[in-house]
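Enquirer: Make one complex out of these two single chains by using the hints.
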Amino acid sequence: MSVRRIDLVGFATGAIIAHPMRSALTSLGVVIGVAAVVMMTSIGLGAQKQVTSAIGGLGSNLLIVSPGASRGPGGGFVSQGAGTNLTLTEEDAKALGTLESVVAVAPSVRGGAQLTAEGANWNTRIEGVTPDYLVARDLTIASGRMIDEAEARQGRKVAVIGQTVATSLFGDSDPLGKRIRVGTVPFEVIGVLASKGQSGFGQDQDDIVLGPLEAVRSRVVGKRVKGDNVQTIYVKAADADSLDRVQEDATNLLRERHRIRQGADDDFNVQNLASITEALQSSIKTFTGLLAAVAAVSLLVGGVGIMNIMLVAVTERTREIGLRMAVGARRTDVLFQFALEAVVLSVVGGAIGLVLGIGGAMLMAKLGNWPTAIAGWSVPLSLGFSMLVGLVFGAYPSWRAARLDPIEALRRE
Amino acid sequence: MIEIRDLEKLYIMGEETVAALAGVTLTVERGELAAVIGPSGSGKSSLMNILGGLDRPSNGSYHFDGEDVGDMADDALADFRSRRIGFVFQSFQLLPRLTALQNVELPMVYAGIEPRERRERAVAMLQKVGLGERMTHRPTQLSGGQQQRVAIARALANAPDLLLADEPTGALDTNTSKEVLALFHELNAEGLTVVIVTHDLEVAAEARRRISFRDGKVVEDDHGGSRRGKS
Numbered sequence: 001m002s003v004r005r006i007d008l009v010g011f012a013t014g015a016i017i018a019h020p021m022r023s024a025l026t027s028l029g030v031v032i033g034v035a036a037v038v039m040m041t042s043i044g045l046g047a048q049k050q051v052t053s054a055i056g057g058l059g060s061n062l063l064i065v066s067p068g069a070s071r072g073p074g075g076g077f078v079s080q081g082a083g084t085n086l087t088l089t090e091e092d093a094k095a096l097g098t099l100e101s102v103v104a105v106a107p108s109v110r111g112g113a114q115l116t117a118e119g120a121n122w123n124t125r126i127e128g129v130t131p132d133y134l135v136a137r138d139l140t141i142a143s144g145r146m147i148d149e150a151e152a153r154q155g156r157k158v159a160v161i162g163q164t165v166a167t168s169l170f171g172d173s174d175p176l177g178k179r180i181r182v183g184t185v186p187f188e189v190i191g192v193l194a195s196k197g198q199s200g201f202g203q204d205q206d207d208i209v210l211g212p213l214e215a216v217r218s219r220v221v222g223k224r225v226k227g228d229n230v231q232t233i234y235v236k237a238a239d240a241d242s243l244d245r246v247q248e249d250a251t252n253l254l255r256e257r258h259r260i261r262q263g264a265d266d267d268f269n270v271q272n273l274a275s276i277t278e279a280l281q282s283s284i285k286t287f288t289g290l291l292a293a294v295a296a297v298s299l300l301v302g303g304v305g306i307m308n309i310m311l312v313a314v315t316e317r318t319r320e321i322g323l324r325m326a327v328g329a330r331r332t333d334v335l336f337q338f339a340l341e342a343v344v345l346s347v348v349g350g351a352i353g354l355v356l357g358i359g360g361a362m363l364m365a366k367l368g369n370w371p372t373a374i375a376g377w378s379v380p381l382s383l384g385f386s387m388l389v390g391l392v393f394g395a396y397p398s399w400r401a402a403r404l405d406p407i408e409a410l411r412r413e
Numbered sequence: 001m002i003e004i005r006d007l008e009k010l011y012i013m014g015e016e017t018v019a020a021l022a023g024v025t026l027t028v029e030r031g032e033l034a035a036v037i038g039p040s041g042s043g044k045s046s047l048m049n050i051l052g053g054l055d056r057p058s059n060g061s062y063h064f065d066g067e068d069v070g071d072m073a074d075d076a077l078a079d080f081r082s083r084r085i086g087f088v089f090q091s092f093q094l095l096p097r098l099t100a101l102q103n104v105e106l107p108m109v110y111a112g113i114e115p116r117e118r119r120e121r122a123v124a125m126l127q128k129v130g131l132g133e134r135m136t137h138r139p140t141q142l143s144g145g146q147q148q149r150v151a152i153a154r155a156l157a158n159a160p161d162l163l164l165a166d167e168p169t170g171a172l173d174t175n176t177s178k179e180v181l182a183l184f185h186e187l188n189a190e191g192l193t194v195v196i197v198t199h200d201l202e203v204a205a206e207a208r209r210r211i212s213f214r215d216g217k218v219v220e221d222d223h224g225g226s227r228r229g230k231s
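Those sequence lines, one after another, are chains A and B.
Once you know that position 197 of the first sequence is 197 in the UniProt record's numbering, the rest is easy, because the numbers rise by one and skip nothing.
Once you know that position 198 of the second sequence is 198 in the UniProt record's numbering, the rest is easy, because the numbers rise by one and skip nothing.
With the rest of the complex left out, here is chain B (with noise of 0.2 Å):
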């Protein structure tokens, strides 16, 4: 499903040229679960921007079930991100005068989905990460694990084919990580593609692939790992 070859992206800092990412082929298929890992700058963050099309690489190509997404202009982009990508964040990103329902029916606004549907849809969506009795309380009326339930519901929303999570766990204590993750460990179970940035090796350690970053480069590609989970 994903496909990069080569790819780069450099940042000018002053007269020096910094690559954040250096050279990176990687293939993810649909249906997988990946942990992305690395130490703070080895890249990750910067892959992870690229993959979801919030931005466009240096060098090298990305192709998303063949459609060339490193070539495309923004309202494109703005698109792909809206029609196949899912974004949960370590910092949750809900709009806090919006309740949880609203802030789960924004993506379907900029899908364009009639006001009914998204209502339904949102719903469904809560009741789906257990949130069905929250929905009318606004973010700072919930946990923190509540709020990243409102968030990855929100990243559902218009059924994505990637789901793309930036340290989903890193603001949440361990009790909560471990039913955020399974969360996501049923989802991947349902057929979604997950990619988790982490640098929490014990979230790795959950997912069946794990991508080894440094210095904006792969180091580590390890496809078999040990196996816990749900799937």
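If we strip away everything but chain A, and leave its shape as in the complex, we get (with noise of 0.2 Å):
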């Protein structure tokens, strides 16, 4: 005896549908919200993606020892004016790789270098390492072997190069046995690394050169560099849950093998790459959340707008609304019928601006070489957002049409 649901769904469409042109600019406020949050969302969620796998590229599991004082909890990973004062020895690298639940301790130096080898020319860094880098590191040989530990020791001049300086210098060919030149040093290549691609960070991972540590420290660094001093120590930890330990344990260690009296600064910083992605991470979260916000303000402006035409349809169309209730419209059917055309508006709205968000976001992360995520769950957040976003303002003037007294609404011109 009461009307179908359907068919006050028919009512709100037609409504709709009799307006293209008003239809559409009402919506167009939701349409530009719904975009906007998506696209923020996806911009955001980007580049946590992006920070994990730039952090993750250098090694899991990783901590990293630089000398230098630390610089508070989580921050700092920029190390400023590391390696001017250096304090980390190959003797300390061996302390730790006693250490409990660590798999690789890989100690270097690095520096830039210009390389020559068959008249060709390449700019790069190059490292000195020893065989536990590659470990360390998680990098893998493609062709020929890694520097082996006496090679590292003894000052052998050979090299492990990345593919980027195999393909600049040495084109097609095969550069293994082949001669480069760094600065006026020869080395022999005796490996190339298999390629790992961009950093997050937009570094070129496979432009490097690796050298065996005692070499490059001594004919390539130079001065900078003395004795068995190295720029950096390496520690692999043998899984996630045991990196706080290690840390704490390095840390530790460290601070008894540099003689540093309780209460003073440790003379060098023990970064750990979890901690790091974490707090980068919030950052990033909060930011995103931040640009999420001031998005919703838009979709909020466009509830508004819904609210204004709908304010504008009930007024132009009491003298329906008054039939409509002569002929047996209960109120609430009245209210639903509002209701519905005010939310099938914002929602069809939310719809468009969530493909258009999409597809933003998408043409971001191809012309602008912008990273962007999309996560699943913005589509049904957005579409019920934007849902809610009809009810709530449409409700008002809802419920101005449900109230209006048949009477007079029939009079009204």
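Hints are computed from structural coordinates only; laboratory data are not their basis.
For every residue, glycine included, the Cβ atom is placed at its ideal position computed from N, Cα and C.
Any given hint could be a false lead.
Stretch by stretch, here's where chain B covers chain A in the computed footprint (C-beta under 8 Å, at least three residues) [as the list claims (entries may be wrong)]:
(1) 323-333
(2) 398-410
Selected chain B positions facing chain A (Cβ under 8 Å, derived; list incomplete) [to be verified]:
(3) 11
(4) 49
(5) 74
(6) 75
(7) 82
(8) 87
(9) 93
(10) 95
(11) 107
(12) 109
(13) 111
A short list of chain A residues far from chain B (calculated; beta carbon distances all over 12 Å) [what the hints assert, rightly or not]:
(14) 284
(15) 356
(16) 392
Expert: Here it is as structure tokens:
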């Protein structure tokens, strides 16, 4: 005996279709709002993923020990002036290797290098390392072999080169056994690293040359690093769970070895990549939340636009409302009809905004080289949210329509 | 069928209370065709609104087939209008966006009737009022007389017990008025109870019963009258 709900949906959509231009403009606010929210969250999510992969690219379960004072928890990833006062030695590295749950310790020195080979020129980074470097940094050899322990200690002039260096210097020909000059010092290429691609920070991780620690320190890096000093010690823990303990043990061990008195500052810095990732993630999350909140404001403005037009519609259609009541519509039928109209307007707007937002995010990723990632939950969330906007802002106009006195309404011109 | 007793409708205007209906007692039997006449402001429209369940009386009682309509809540009143009453207005009150068919279907939508049955009944109603050829036209594409026929078809859609017409010929020319009036008599002859509110004495003259209003009261209730028309 009462109206079928589907017929009320039909009335609502019929009214929307009757004024296509007005309906489109009314929905536009929600379209823009939802598109903005979706795009902002995709940018934030993309940045989060990139940070994870960027830091993960350095090696998993990794601690990076560098000389210089600690710069507070989590922060200070960018080392300032490290190397000006070198406090770490190969002996420190050896000692760190005795700690529990440590699977690899890789001391290293590094410097810039001008390479020449067969007439070709290339400017890159060179790192003096030991065989464990591969394990610590999660690298693999594509062809040839890694520098061995003896070569590392004795300062033999052999090198393992990255893919970018290999193609830049040798093109398609096999670089194994070829000679390259690092500055003026000749090295023999004994291996090529498997490609790791672009790092999250936009750095080409294949643009690198690895040489034996001793040879690079004495012949390439030169005066800045003396004796058995090293610039960085990579410490790889067995698993993520033991990372924190290893960090603590390493700090204690180094303080002891460096004879640092209780209460005095460390003269080195042990960084835990996991905690850095976490800190960066949380700051990106905050930033993303802020952006999304700003975008959500435009969604609210869109809701106000819907309310405005719905109020106009109720005034315009007063006689229609009166007539509907006269032929048997209950007040709730009128209420639902107008509420549905507002909800359909905003949900359709939300759906269009969702498509535009996803498209915009993909376009940004493609054209702007800006990392974006679309969250699966953004689909139900934005549709649900636009529905809520329609309900909230459609409520008052619908209530006005339902409260009309049918006699007055029918008399309205 | 209709029993009203001591019916009052009061409006408060500022500090004054105006009685649109000042104690009306009236019965209308099933199958009657009654004209309610009187000058404007005499209370005939107020009576019509209460009879149709669009308004509630301030005092007095209104029973329809024994049902107490005067005390019904909003939803019950809406259902009462849906099941029992068919309205015909002076200004037709067709929805301009809808076709003749859709306008006729409207009351059936609120009665919860399935689309297929709605369509069948709407077609039958439009054929009955002589608009079988113009079912997909919109109100603006129809003449005044045709629009009023659509409105009558709409009023008949839910097979009401009472057809209430408020100045149904007020916006029509003489010939069309006669046609529309003839239609009311035809429907009445088929057993439908019809109450027409009018100040057109010619319209009233055709009714079997004339109820005259003045100042919110019945001043004359003429059951005999000159009988013309088809009944």
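Enquirer: Does each hint fit the structure? Answer for all of them.
Expert: Hint check:
1. 323-333: Three-residue rule met by the region 323-333 of chain A, so holds; n is 11.
2. 398-410: Satisfied; 3 residues make the cut.
3. 11: Not OK, violated: residue 11/B not within 8 Å of chain A, min 12 Å.
4. 49: holds, 5 Å
5. 74: holds, 6 Å
6. 75: This hint holds: residue 75/B lies near chain A, its Cβ roughly 5 Å from the closest one there, short of 8 Å.
7. 82: holds, 3 Å
8. 87: holds, 5 Å
9. 93: Check passed: Cβ of residue 93/B comes within 5 Å of chain A, closer than 8 Å.
10. 95: Holds - the Cβ of residue 95/B comes within 8 Å of chain A, reaching about 6 Å at its closest.
11. 107: holds, 4 Å
12. 109: Holds. Min distance 5 Å.
13. 111: holds, 6 Å
14. 284: holds, 51 Å
15. 356: Answer for residue 356/A: holds, closest chain B Cβ roughly 30 Å.
16. 392: holds, 25 Å
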